[in-house]
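Residue numbers (numbering that gives the first Met the number 0), protein chains in the order written: chain A, 0 to 78; chain B, 0 to 468.
What the hints contain is simulated information worked out from the structure, not anything from laboratory work.
It should be emphasised that the depicted structure is a prediction, and the values quoted were computed from it without experimental measurement.
Beta carbons are placed, not taken as given, at the ideal position from N, Cα and C, and that holds for glycine.
A couple of the hints might just be wrong.
[As the list claims (entries may be wrong)] With a Cα cut of at most 25 Å, we get these calculated DSS-like pairs of lysine-lysine:
#1 B/K461 - B/K382
#2 B/K277 - B/K219
#3 A/K73 - A/K31
#4 B/K382 - B/K258
#5 A/K66 - A/K5
#6 B/K212 - B/K237
#7 B/K277 - B/K237
#8 B/K277 - B/K258
#9 B/K461 - A/K31
#10 B/K237 - A/K66
#11 A/K5 - A/K73
#12 A/K31 - B/K382
#13 B/K212 - B/K277
#14 A/K31 - B/K87
#15 A/K31 - A/K66
#16 B/K212 - A/K73
#17 B/K101 - B/K87
#18 A/K66 - A/K3
#19 A/K73 - B/K237
#20 A/K73 - A/K3
#21 B/K219 - A/K66
#22 A/K31 - B/K277
#23 A/K31 - A/K5
#24 B/K237 - B/K219
#25 B/K258 - B/K237
#26 B/K212 - A/K66
[Claimed, not checked] Here are some, though not all, of the chain B residues that point toward chain A, as calculated from beta-carbon distances under 10 Å:
#27 G213
#28 E234
#29 R238
#30 R243
#31 M244
#32 Y345
[What the hints assert, rightly or not] Quick list of the computed label-pair ranges, beta carbon to beta carbon:
#33 B/K101 - A/A44: 36 to 44 Å
#34 A/V30 - B/R116: 28 to 36 Å
#35 B/G365 - A/A44: 30 to 38 Å
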Amino acid sequence: MTNKEKYDNVFMECLGLGAAQLSEALVYNSVKAWDSVGHMAMMAALEREFDIMLETDDIIDFSSYPKGMQLLAKYEVQF
Amino acid sequence: MDFWCDMERWGEATALAAEDGEGMTYAELSQAADEHVVHLATPAGQRGLAFLLAKNCPEAILGYLGFLRSRTVVALQPAGLHGEWLTKLLDAYQPQYLWLPKERAGELPGATELVSRGNYVLLATRAPFSPMHPELAQLLSTSGSTGSPKLVRQSYGNIAANAASIAEYLDIRSADRPITTLPMSYVYGLSVITSHLLRGATIVLTNRGVTEKGFWETLKAREATSFAGVPYTFEMLKRLRFGRMELPSLNVLTQAGGKLSAELVLEFARLCRDQGRKFVVMYGAVEATARMSYLPHSDALEKPASIGIPIPGGDMWLEDEDGHLVEGADRVGELVYRGDNVTMGYASCREDLSLGDDWNGVLHTGDIARRDDDRYYYLVGRKRRFIKVFGNSVNLDEVEQHIRNQGIDCACGGRDDRLCVYVVDASRAGTIAAFVQELTGLHRSACEVRVISEVPRNEYGKINYAALP
Chain A
0 MTNKEKYDNV FMECLGLGAA QLSEALVYNS VKAWDSVGHM AMMAALEREF DIMLETDDII
60 DFSSYPKGMQ LLAKYEVQF
Chain B
0 MDFWCDMERW GEATALAAED GEGMTYAELS QAADEHVVHL ATPAGQRGLA FLLAKNCPEA
60 ILGYLGFLRS RTVVALQPAG LHGEWLTKLL DAYQPQYLWL PKERAGELPG ATELVSRGNY
120 VLLATRAPFS PMHPELAQLL STSGSTGSPK LVRQSYGNIA ANAASIAEYL DIRSADRPIT
180 TLPMSYVYGL SVITSHLLRG ATIVLTNRGV TEKGFWETLK AREATSFAGV PYTFEMLKRL
240 RFGRMELPSL NVLTQAGGKL SAELVLEFAR LCRDQGRKFV VMYGAVEATA RMSYLPHSDA
300 LEKPASIGIP IPGGDMWLED EDGHLVEGAD RVGELVYRGD NVTMGYASCR EDLSLGDDWN
360 GVLHTGDIAR RDDDRYYYLV GRKRRFIKVF GNSVNLDEVE QHIRNQGIDC ACGGRDDRLC
420 VYVVDASRAG TIAAFVQELT GLHRSACEVR VISEVPRNEY GKINYAALP
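Could you build all of it, start to finish, from the sequences and the hints given here?
Dropping the structure here:
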């Protein structure tokens, strides 16, 4: 599985979304499931999936689907 | 004088600070509160009911205060309330007014716009005015309601008493600057606002949560001094390595809204001690306006599992199943609270708003607790009057009360995934089954109605559930 596929799977599983909903427009609070509870579940899932430890600043800066990919680049997760 | 009528005394002190730094003084807030209510068209000698769909924004707060100042009964609900639920509540309560974000005004096609301010609009419905109890001030939602639009009736005296008590034990001062972490429509969030307005403090307004960068930026930029959290907030804070954050203005954290594990209380109590902050664990319920007890911050390390001691002006004791006082340390009983903040009772429809005080200042919390030698209280569980049905909590007492309100004597029991209603009148069994399914939304297979010859009661007239077949 590519990193992009892994990343997408985490979003779809944690937020209960379909592939069609993963887009630039997917931002924090734009879907009901992406609230604080969904956010923290997704951060934990990404850490497991990519075997990384996210910094606090990155967890709170993770405000959209595209932004997340940018942030993960710092942890040497390439898309 | 009640603080909401007397806010002018704080004059040029800042009452509200928005994320962008825009502020509103107490003088401006008082004026704005009155400006909006002059548009109400309540006939002389009557009172209106207003629904407020609240965000943490100046408009919601000034609207709330305007309703209090004009003695318009106000029902607080979240701005994001599901449309279906809003319709259900409006049907049940027939409010004359709504103060809500403009984007939701379209959901009320029959209503007339009276005035707007910022992104809020005041609407008038065509609902007729009808009498409400003179002391009734506001209506708040309770958690765990079963399918019915149940609200808690809080009086002006309740709001004043609880805000004053909280301000006293937290030693709130005019220099304090709490940042909103909870919705204003949630009883804990509202109590943070009222207890700070009482002391002339500055409320820093945000709708963001601790998982958002904007929240922390606002906290720092507006130099917030305190925030409130429910148990889940503290779990997130731990995960966010809160202890490593640089937040020099912050000096008080409060926790309520459920039981935080003793380990997390200890962890935050240690962290706060090391960083020169106070960590205050509190206990309450919407039926008690908000707060009933608090754990003084200096005791948090020694008694991390405790909900502390009654708030100033309150009294607590334990009772056994027959209503007898449970004395002595480490014996368990139902936690009972007495104080001026015990609310008037519940409502489920407009007519209930004329009811008087059902509880006379005494609240049976339904929580089972014990007390230690120093008279500090500890929650040990819930009274066994809840069952879980397919993951949903069903309050047996509440279901029982709803059926009794239909004029039918009954007792509710059962076990998880099986609600059992015991009735005496066999001819009503079919009606009750349908009524309970509608009330709770439970699948019919999960609800059973059984006919018995008599509802068993003890010498005090309380139902003896153990004697049910």
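Verification of the hints:
1. Restraint check for B/K461 and B/K382: satisfied, since their Cα atoms lie roughly 15 Å apart, inside the 25 Å limit.
2. A distance of roughly 18 Å separates the Cα atoms of B/K277 and B/K219; the hinted pair therefore holds under the 25 Å criterion.
3. Proximity of A/K73 to A/K31 is assessed by CA-CA distance (about 28 Å); at most 25 Å being required, the pair is judged violated.
4. With a C-alpha separation of about 15 Å, the suggested pairing of B/K382 with B/K258 holds against the 25 Å cut-off.
5. For the hint linking A/K66 to A/K5, the alpha-carbon distance of about 16 Å falls within 25 Å, and the restraint holds.
6. With a CA separation close to 16 Å, the supplied pair B/K212 and B/K237 stays within the 25 Å bound.
7. With a C-alpha separation of about 17 Å, the suggested pair B/K277 and B/K237 falls inside the 25 Å cut-off, and the hint holds.
8. Proposed proximity of B/K277 and B/K258 is supported: the alpha carbons are some 18 Å apart, at most 25 Å.
9. Note on B/K461 and A/K31: the hinted pairing is violated, with a Cα-Cα distance of about 44 Å set against a maximum of 25 Å.
10. For the suggested pair B/K237 and A/K66, the alpha carbons sit about 23 Å apart, so the restraint of at most 25 Å is met.
11. Of the pairs offered as hints, the one joining A/K5 and A/K73 holds, with about 17 Å between alpha carbons and a cut-off of 25 Å not exceeded.
12. Distance check on the hinted pair: A/K31 and B/K382 sit about 33 Å apart at the alpha-carbon level, beyond 25 Å; violated.
13. The straight-line distance between the Cα atoms of B/K212 and B/K277 is roughly 24 Å, inside the 25 Å bound, and the hint therefore holds.
14. Annotation: proposed proximity of A/K31 to B/K87 holds, straight-line Cα distance about 21 Å (limit 25 Å).
15. This hinted pair checks out: A/K31 and A/K66 have alpha carbons roughly 19 Å apart, not beyond 25 Å.
16. A threshold of 25 Å between alpha carbons decides the hint, and for B/K212 with A/K73 the separation of about 18 Å falls inside it, so the pair holds.
17. Of the pairs offered as hints, the one joining B/K101 and B/K87 holds, with about 20 Å between alpha carbons and a cut-off of 25 Å not exceeded.
18. Between the alpha carbons of A/K66 and A/K3 the distance comes to roughly 13 Å, so the proposed pair stays at or under 25 Å and holds.
19. The hinted pair formed by A/K73 and B/K237 meets the criterion: a straight-line CA distance of about 23 Å does not exceed 25 Å.
20. A distance of roughly 15 Å separates the Cα atoms of A/K73 and A/K3; the hinted pair therefore holds under the 25 Å criterion.
21. For the hint linking B/K219 to A/K66, the alpha-carbon distance of about 23 Å falls within 25 Å, and the restraint holds.
22. The suggested pairing of A/K31 with B/K277 is violated, with an alpha-carbon distance near 34 Å, which exceeds 25 Å.
23. Taking the CA atoms of A/K31 and A/K5, the gap is about 22 Å. The hint holds against a cut of 25 Å.
24. Distance hint between B/K237 and B/K219 is fulfilled; the C-alpha atoms sit about 19 Å from each other, no more than 25 Å.
25. Under the criterion of a C-alpha separation no larger than 25 Å, the hint pairing B/K258 with B/K237 is consistent with the structure, at around 16 Å.
26. For a cut-off of 25 Å, the pair hint linking B/K212 to A/K66 stands: about 13 Å separates their Cα positions.
27. For the restraint placing B/G213 at the interface with chain A, the shortest Cβ-Cβ distance is roughly 9 Å, inside the 10 Å limit, so the hint holds.
28. Hint status for B/E234: holds, given a least beta-carbon distance of 8 Å to chain A, under 10 Å.
29. Given hint, B/R238 at the interface with chain A, holds; its Cβ is 6 Å from that chain's nearest Cβ, closer than 10 Å.
30. At its closest, the beta carbon of B/R243 sits 7 Å from a beta carbon of chain A; the interface hint therefore holds under the 10 Å criterion.
31. Hint status for B/M244: holds, given a least beta-carbon distance of 7 Å to chain A, under 10 Å.
32. Interface restraint check: B/Y345 against chain A, minimum CB-CB distance 29 Å, threshold 10 Å, status violated.
33. Between B/K101 and A/A44 the beta carbons are some 37 Å apart, a value that agrees with the proposed interval 36 to 44 Å.
34. In this structure the supplied range 28 to 36 Å holds for A/V30 paired with B/R116, their Cβ-Cβ distance being about 30 Å.
35. At roughly 37 Å, the beta carbons of B/G365 and A/A44 sit within the given window of 30 to 38 Å.
Hints 3, 9, 12, 22 and 32 from the earlier list are contradicted by this structure; the remaining hints agree with it.
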